[in-house]
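Engineer: Using the sequences and the accompanying hints, generate a full structural model.
From first to last, the protein sequence lines are chains A and B. Residue numbering for the first sequence is 3 to 247, as defined by the numbering used here. Residue numbering for the second sequence is 3 to 247, as defined by the numbering used here.
Hints in this document: simulated from the structure, not taken from any laboratory. There may be inaccurate statements among the hints.
Since the list gives no way to pick out one identical chain from another, each pair is judged satisfied if it fits inside one copy or across any two copies.
List time: in silico DSS-like cross-link candidates among lysine-lysine, alpha-carbon distance up to 25 Å [claimed, not checked]:
| # | residue 1 | residue 2 |
| --- | --- | --- |
| 1 | LYS79 | LYS211 |
| 2 | LYS88 | LYS180 |
| 3 | LYS94 | LYS180 |
| 4 | LYS85 | LYS47 |
Protein chains: 2
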Amino acid sequence: MKRKIKITIEYDGTNYSGWQIQPDQISVQQKIEEALKALFNDDVKIHGAGRTDAGVHALGQVAHFELDADIPSERIKYAINTKLPKDIRIVKSEEADIDFHARYNAKGKVYRFQIHNADIPSAIFRNNRYHVRQILDVEKMIEAGAFFLGVHEFSAFCGSGTDVDNKVREIYRIDIVKRGNVIELEFQGSGFLYHMIRIMVGTLIDVGKGKIKPQAISEIILSGDRCNAGATAGGCGLCLVRVLY
Amino acid sequence: MKRKIKITIEYDGTNYSGWQIQPDQISVQQKIEEALKALFNDDVKIHGAGRTDAGVHALGQVAHFELDADIPSERIKYAINTKLPKDIRIVKSEEADIDFHARYNAKGKVYRFQIHNADIPSAIFRNNRYHVRQILDVEKMIEAGAFFLGVHEFSAFCGSGTDVDNKVREIYRIDIVKRGNVIELEFQGSGFLYHMIRIMVGTLIDVGKGKIKPQAISEIILSGDRCNAGATAGGCGLCLVRVLY
Numbered sequence: 003m004k005r006k007i008k009i010t011i012e013y014d015g016t017n018y019s020g021w022q023i024q025p026d027q028i029s030v031q032q033k034i035e036e037a038l039k040a041l042f043n044d045d046v047k048i049h050g051a052g053r054t055d056a057g058v059h060a061l062g063q064v065a066h067f068e069l070d071a072d073i074p075s076e077r078i079k080y081a082i083n084t085k086l087p088k089d090i091r092i093v094k095s096e097e098a099d100i101d102f103h104a105r106y107n108a109k110g111k112v113y114r115f116q117i118h119n120a121d122i123p124s125a126i127f128r129n130n131r132y133h134v135r136q137i138l139d140v141e142k143m144i145e146a147g148a149f150f151l152g153v154h155e156f157s158a159f160c161g162s163g164t165d166v167d168n169k170v171r172e173i174y175r176i177d178i179v180k181r182g183n184v185i186e187l188e189f190q191g192s193g194f195l196y197h198m199i200r201i202m203v204g205t206l207i208d209v210g211k212g213k214i215k216p217q218a219i220s221e222i223i224l225s226g227d228r229c230n231a232g233a234t235a236g237g238c239g240l241c242l243v244r245v246l247y
Numbered sequence: 003m004k005r006k007i008k009i010t011i012e013y014d015g016t017n018y019s020g021w022q023i024q025p026d027q028i029s030v031q032q033k034i035e036e037a038l039k040a041l042f043n044d045d046v047k048i049h050g051a052g053r054t055d056a057g058v059h060a061l062g063q064v065a066h067f068e069l070d071a072d073i074p075s076e077r078i079k080y081a082i083n084t085k086l087p088k089d090i091r092i093v094k095s096e097e098a099d100i101d102f103h104a105r106y107n108a109k110g111k112v113y114r115f116q117i118h119n120a121d122i123p124s125a126i127f128r129n130n131r132y133h134v135r136q137i138l139d140v141e142k143m144i145e146a147g148a149f150f151l152g153v154h155e156f157s158a159f160c161g162s163g164t165d166v167d168n169k170v171r172e173i174y175r176i177d178i179v180k181r182g183n184v185i186e187l188e189f190q191g192s193g194f195l196y197h198m199i200r201i202m203v204g205t206l207i208d209v210g211k212g213k214i215k216p217q218a219i220s221e222i223i224l225s226g227d228r229c230n231a232g233a234t235a236g237g238c239g240l241c242l243v244r245v246l247y
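Structural biologist: Shown next, in the form of structure tokens:
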């Protein structure tokens with residue numbers, strides 16, 4: 003009998019081209035599908051809640067797959083982990099409703115972005131924190147972040163190379179805190195467009211540098227023009243923390 | 003004119019045999035001396051505040067060296083960093099008194115040890131957190147930690163392979179906190195013997211597992227016998243946070 007298995011995955015994205023399988027590249031999805039193939043001697047396709055870019059990390063990516071085998075769901079994570087490299091770990095495996103779909107059922111996502119705001123980049127966290135040398139005005143960034151909240155058409159914050167038509171998204175929460183020389187930005191929303199968080203962060207960095215005013219965020223959103231927003235901040239700072247169902 | 007330069011170093015110890023130069027191994031000290039050689043075309047020997055083992059990290063290792071060159075002290079860090087791999091960064095460079103010695107002048111050190119206390123090891127922090135699967139009783143560990151405070155003869159907590167005679171050390175502070183599934187242990191002391199913190203952590207883990215009682219720490223210290231203490235916890239969890247002068 004076909005079962006639906008939901009898995010929660012933590013990965014260090016440093017050595018991967020991203021979540022999704024792509025020709026001639028090594029992806030997280032591919033590694034997990036290879037592990038399932040080795041375990042169950044069957045081609046099992048997994049469906050992730052969303053893609054992550056090259057170098058982007060996840061503490062709580064979610065995926066599902068169908069399974070015929072008779073293994074208790076909570077043992078599946080241990081079994082898969084034996085076949086995975088150490089920079090990918092299944093942290094949870096559970097039985098899901100047969101209709102469950104990791105992407106279509108997702109109600110929202112939480113992402114975290116870390117900026118290492120110091121004159122020298124971090125040695126230990128070089129792959130987890132995006133380095134910005136100029137000291138940023140965090141208060142101004144917090145003020146600016148509030149303009150993103152709510153329902154907006156986010157064309158100005160969408161990278162090229164996507165064929166999504168509807169660019170309306172809702173952002174529920176943005177928390178920006180500074181701890182030592184690390185600025186942590188947490189975003190919770192209904193969903194995010196291609197590069198959306200990294201462009202929002204790049205724009206907030208411009209605010210923190212004093213290049214643009216916090217109020218400018220509204221105008222940039224309304225303009226719908228990618229050219230008005232800031233640069234795409236480095237993927238290494240980004241982490242998919244949680245998928246909400 | 004000879005100058006004395008003090009540098010503060012952050013490094014990810016994952017790919018190194020430790021701080022100190024050893025034959026046929028790659029050490030942090032060696033990488034910095036090679037960088038200085040490349041910069042100043044001279045053999046510059048650096049003196050660290052203390053050794054760290056293979057895989058152990060540092061946020062604030064300190065070292066000194068003598069220099070003849072006429073470069074402003076605050077520029078030295080940028081110059082050295084251009085010649086270093088990204089997992090080693092000089093975060094501060096400053097002029098020191100000509101008598102300054104990174105090791106002899108050190109009044110104490112702060113180390114931090116991170117335990118990933120969950121059934122699955124962390125993918126992202128696999129090189130920064132020591133994995134312990136059994137859920138530990140942190141309250142008991144805090145109780146046990148207090149028995150280490152003060153001046154003791156720490157033979158029972160010293161690894162073999164050291165020729166230090168005086169094994170009396172003073173521990174000023176031990177803070178143990180749990181955040182999510184991470185247990186963070188911070189130790190501040192006059193100095194630490196070879197493997198001392200990792201053996202203390204291994205013993206505190208035994209307390210957290212209920213294998214020994216918190217009060218047993220005193221007896222183990224008094225016994226002076228390494229066999230009575232716990233296993234040496236994995237070096238990847240350890241980080242030299244700060245050297246006190």
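Engineer: Pop the pair LYS88 and LYS180 into one bin, within, between, both or neither, using alpha-carbon distances up to 25 Å.
Structural biologist: between (30 Å within a copy, 24 Å between copies)
Engineer: Measure nothing new, just compare the shortest in-copy and cross-copy C-alpha distances for LYS94 and LYS180 to 25 Å and report within, between, both or neither.
Structural biologist: Close across copies (21 Å), not inside one copy (31 Å); limit 25 Å.
Engineer: Which holds for LYS85 with LYS47 at a C-alpha limit of 25 Å: within a copy, between copies, both or neither?
Structural biologist: Answer is within: at 16 Å inside a copy they meet the 25 Å cutoff, but 45 Å across does not.
Engineer: With identical chains, the pair LYS79 and LYS211 could be close in the same copy or across copies; at 25 Å between alpha carbons, which is it: within, between, both, or neither?
Structural biologist: For LYS79 and LYS211, the Cα distance is within 25 Å only across copies (24 Å; inside one copy 44 Å).
In summary, the structure agrees with every hint in the numbered list given earlier.
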